[in-house]
Structures are given as C-alpha cells and as structure tokens.
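Sequence lines, in order, name chains A and B. Oh and the first sequence: position 93 is 93 in this note's numbering, straight run, nothing missing. Oh and the second sequence: position 16 is 131 in this note's numbering, straight run, nothing missing.
Treat the hints as calculated values from the structure; they're not laboratory data. No residue lacks a Cβ here, since even glycine has one placed at the ideal position from N, Cα and C. A couple of the hints might just be wrong.
[What the hints assert, rightly or not] Distance windows between CB atoms, simulated:
#, chain 1, residue 1, chain 2, residue 2, range
1, B, I127, A, E83, 43 to 49 Å
2, B, K172, A, R51, 23 to 29 Å
3, B, L154, A, E83, 30 to 36 Å
4, A, L40, B, W142, 47 to 53 Å
5, B, T120, A, Q60, 43 to 49 Å
6, B, T135, A, T78, 23 to 29 Å
7, A, Q45, B, H156, 42 to 48 Å
[To be verified] Example chain B residues on the side facing chain A (calculated, C-beta under 10 Å, incomplete):
#, residue
8, P123
9, I127
10, G131
11, W142
12, Q152
13, G155
14, D177
15, Y179
16, A197
17, S198
18, C206
19, A207
20, E218
21, F221
22, T228
23, L230
[Unchecked claim] Okay, derived cross-link-like pairs now, DSS-like style, lysine-lysine, Cα gap no bigger than 30 Å in a straight line:
#, chain 1, residue 1, chain 2, residue 2
24, B, K172, A, K22
25, A, K57, B, K126
26, A, K107, B, K172
27, B, K126, A, K22
28, A, K57, A, K42
29, A, K37, B, K126
30, B, K210, A, K107
31, B, K172, A, K68
32, A, K37, A, K22
33, A, K57, A, K22
34, A, K68, A, K57
35, A, K68, B, K210
36, B, K210, B, K172
37, A, K68, A, K58
38, A, K37, A, K58
39, A, K58, A, K42
40, B, K210, A, K58
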Amino acid sequence: GENVEQHPSTLSVQEGDSAVIKCTYSDSASNYFPWYKQELGKGPQLIIDIRSNVGEKKDQRIAVTLNKTAKHFSLHITETQPEDSAVYFCAASFYSGGGADGLTFGKGTHLIIQP
Amino acid sequence: DAEITQSPRHKITETGRQVTLACHQTWNHNNMFWYRQDLGHGLRLIHYSYGVQDTNKGEVSDGYSVSRSNTEDLPLTLESAASSQTSVYFCASSKHSGRAYNEQFFGPGTRLTVL
Numbered sequence: 001g002e003n004v005e006q007h008p009s010t011l012s013v014q015e016g017d018s019a020v021i022k023c024t025y026s027d028s029a030s031n032y033f034p035w036y037k038q039e040l041g042k043g044p045q046l047i048i049d050i051r052s053n054v055g056e057k058k059d060q061r062i063a064v065t066l067n068k069t070a071k072h073f074s075l076h077i078t079e080t081q082p083e084d085s086a087v088y089f090c091a092a093s094f095y096s097g098g099g100a101d102g103l104t105f106g107k108g109t110h111l112i113i114q115p
Numbered sequence: 116d117a118e119i120t121q122s123p124r125h126k127i128t129e130t131g132r133q134v135t136l137a138c139h140q141t142w143n144h145n146n147m148f149w150y151r152q153d154l155g156h157g158l159r160l161i162h163y164s165y166g167v168q169d170t171n172k173g174e175v176s177d178g179y180s181v182s183r184s185n186t187e188d189l190p191l192t193l194e195s196a197a198s199s200q201t202s203v204y205f206c207a208s209s210k211h212s213g214r215a216y217n218e219q220f221f222g223p224g225t226r227l228t229v230l
C-alpha cells in the first residue's frame, strides 16, 4: 500500500518569513495530493490540493509543487502570519473514477510562527 | 447549512465493551470515511463506503466494523473495545462526481478512551 513520509515534524519560523513542508510517497499510481490544516481540537481542513497532471498550484500565500518522477510534493507558505500556526498534513490517494479511495496521510508538521 | 457531525464528542468506556460512534452528514455525499488519529501516526484509514450497502476495509480495520443503511450515516462500531483503540476518531465525507477526486470534509472528531 501507499506510504507517505513528511518532514519536518516541527517547523518554527519568524512571522513574515516563508515555510516549506516536504512529503514523499511510495505508490507511483497515486494521482491526488491534498494538504490539510488542523487547528487544536478541530478536524482537518483542506487548504490546497494538486492532481498528478499538474506540476504546481498556487492560492494566494500558499503553493504546492509536485514532482511525479521523484515522487515528492511540497507545501510553500509565504509571508507567514500568526494564524498560520497549526499542524499541517500532506496526503496521497489514487482515484480511478469508480469511487474515492481513502487518503494516506503523512504524520504531520507542527508549524509555529514566532512573533 | 450542510454539515458533518459526530457524536459523542467524548467517550470513556471499559475494555471489552461494545462502542458505537455516530457520524451524520447533510451534504448527500456518496463517499464516507472513518480515520483514527494517534500521536506519531497521523491519521489512518479504518473503513470507507462508496454508498448505501457498500463498505470497505482500510489500513487499520481489525476490531472495527461499519454499516451503511442510508446516505447520511456511517456508524463505527468497536465490537470489543481494547486499550489500543484509545484515540481520536474522525469521520469524513466527499461527493462522487465520476471524473475528479473531490475534497473530503472532516467532522469535529470523537475522543475515545478505553480503560
């Protein structure tokens, strides 16, 4: 089955600086890669996703890049703000059109924004 | 507004007891999922369903069962609770559109403690 590795487990950056979180996956058939943000006591919430036919996607201060050959994808947050402090999870899945398989998650990155 | 709810939010039970966690969504989504979240493991898939009367095992399904009698609900049952099942449980749902993988929406979670 799929295995997703995520690094680092904790990331501390100064407010205004950029943050990068990296993930690798093992199953070359995976074709959907979402990123979730989880705040304390709440369920994960999708912040951005990318499909295997796209190399990069951007949404305001957040961007995701995908390298299918190397089987890794990354989350980039620019101009970090205090409200970006949370745990971030990457995930991978294979979608065939017949139904949605569950997501395989990385173990998470605790992002701390220092004022 | 459409939503996904879980109940109870907190549950303490004893080893060997049967426990059922409820999940209800009002989006009319075909796909529903159960995950457990443990420190050091991220979120792991327990069971999922593509629609009424359909259920599938995930990565960590031993000791758990689900049933799907209608579109809105996917209850998770622990047949004989074990201390290793102490965890936070998240339910999620997504719509099935046939062509693309759609966002999974997560509930607020149920914290289960097995003594």
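To see whether the hints hold, each was checked on the structure:
Take I127 of chain B and E83 of chain A: their Cβ atoms lie about 33 Å apart, and the range 43 to 49 Å is violated. As the Cβ distance of K172 of chain B to R51 of chain A is approximately 26 Å, the hint placing it in 23 to 29 Å holds. L154 of chain B and E83 of chain A have their C-beta atoms about 24 Å apart, which leaves the hinted 30 to 36 Å range violated. Roughly 25 Å separates the CB atoms of L40 of chain A and W142 of chain B, a value that falls outside the hinted 47 to 53 Å.
The hinted range of 43 to 49 Å is not satisfied by T120 of chain B and Q60 of chain A, whose Cβ atoms lie roughly 30 Å apart. For T135 of chain B and T78 of chain A, the Cβ-Cβ distance of about 45 Å falls outside the hinted range of 23 to 29 Å, so the restraint is violated. Taking the beta carbon of each, Q45 of chain A and H156 of chain B are about 20 Å apart, not inside 42 to 48 Å as hinted. Because the beta carbon of P123 of chain B sits about 15 Å from the nearest beta carbon in chain A, more than 10 Å, this interface hint is broken.
Interface hint at I127 of chain B: violated, since its Cβ lies 18 Å from the closest Cβ of chain A, which is beyond the 10 Å cut-off. With a least beta-carbon distance of about 28 Å to chain A, the hint placing G131 of chain B at the interface is violated under the 10 Å criterion. Interface hint at W142 of chain B: violated, since its Cβ lies 14 Å from the closest Cβ of chain A, which is beyond the 10 Å cut-off. Hint on Q152 of chain B holds. Least Cβ distance to chain A is approximately 9 Å, under the 10 Å limit.
Here the hint on G155 of chain B is kept, as its CB sits about 7 Å from the closest CB of chain A, short of 10 Å. Using the Cβ-Cβ criterion of 10 Å, the hint placing D177 of chain B at the interface with chain A is not satisfied: the shortest such distance is roughly 15 Å. About 13 Å separates the beta-carbon of Y179 of chain B from the nearest beta-carbon of chain A, more than 10 Å, and the hint is not met. This hint is violated: A197 of chain B has a C-beta 22 Å from the nearest C-beta of chain A, more than the 10 Å allowed.
Hint status for S198 of chain B: violated, given a least beta-carbon distance of 22 Å to chain A, over 10 Å. At a threshold of 10 Å, the smallest CB-CB gap from C206 of chain B to chain A is about 8 Å, leaving the interface hint in force. Residue-level restraint check for A207 of chain B holds (minimum Cβ-Cβ distance to chain A is 8 Å; threshold 10 Å). Among the interface hints, the one on E218 of chain B holds; its C-beta lies about 5 Å from the nearest C-beta in chain A, closer than the 10 Å criterion.
A least Cβ separation of about 3 Å between F221 of chain B and chain A falls short of the 10 Å threshold, and the interface hint therefore holds. A least Cβ separation of about 16 Å between T228 of chain B and chain A goes past the 10 Å threshold, and the interface hint is therefore violated. The beta carbon of L230 of chain B comes no nearer than 22 Å to any beta carbon in chain A, farther than 10 Å, and the hint placing it at the interface is violated. With a CA separation close to 29 Å, the supplied pair K172 of chain B and K22 of chain A stays within the 30 Å bound.
Taking the CA atoms of K57 of chain A and K126 of chain B, the gap is near 40 Å; set against the 30 Å cutoff, the hint is violated. Proposed proximity of K107 of chain A and K172 of chain B is supported: the alpha carbons are some 21 Å apart, at most 30 Å. With a C-alpha separation of about 35 Å, the suggested pairing of K126 of chain B with K22 of chain A is violated against the 30 Å cut-off. With a C-alpha separation of about 26 Å, the suggested pairing of K57 of chain A with K42 of chain A holds against the 30 Å cut-off.
Between the alpha carbons of K37 of chain A and K126 of chain B the distance comes to roughly 25 Å, so the proposed pair stays at or under 30 Å and holds. With a C-alpha separation of about 25 Å, the suggested pairing of K210 of chain B with K107 of chain A holds against the 30 Å cut-off. At most 30 Å may separate the alpha-carbon atoms for a hinted pair to count; K172 of chain B and K68 of chain A meet this at roughly 28 Å. Distance restraint check for K37 of chain A and K22 of chain A: the Cα-Cα separation of roughly 14 Å lies within the 30 Å cut-off, and the hinted pair is therefore satisfied.
Between K57 of chain A and K22 of chain A the CA atoms are separated by roughly 15 Å; this keeps the pair inside 30 Å, and the hint holds. Between K68 of chain A and K57 of chain A, the direct Cα distance comes to roughly 14 Å. Compliance with the 30 Å bound is thereby established for this hinted pair. About 26 Å separates the Cα atoms of K68 of chain A and K210 of chain B, which keeps this hinted pair within 30 Å; it holds. Taken as a hint, the K210 of chain B and K172 of chain B pair is honoured in the structure, with Cα atoms around 19 Å apart against an allowance of 30 Å.
Using a Cα cut-off of 30 Å, the hinted pair K68 of chain A and K58 of chain A holds, with the two alpha carbons roughly 18 Å apart. With a C-alpha separation of about 16 Å, the suggested pairing of K37 of chain A with K58 of chain A holds against the 30 Å cut-off. For a cut-off of 30 Å, the pair hint linking K58 of chain A to K42 of chain A stands: about 25 Å separates their Cα positions. Between K210 of chain B and K58 of chain A, the direct Cα distance comes to roughly 24 Å. Compliance with the 30 Å bound is thereby established for this hinted pair.
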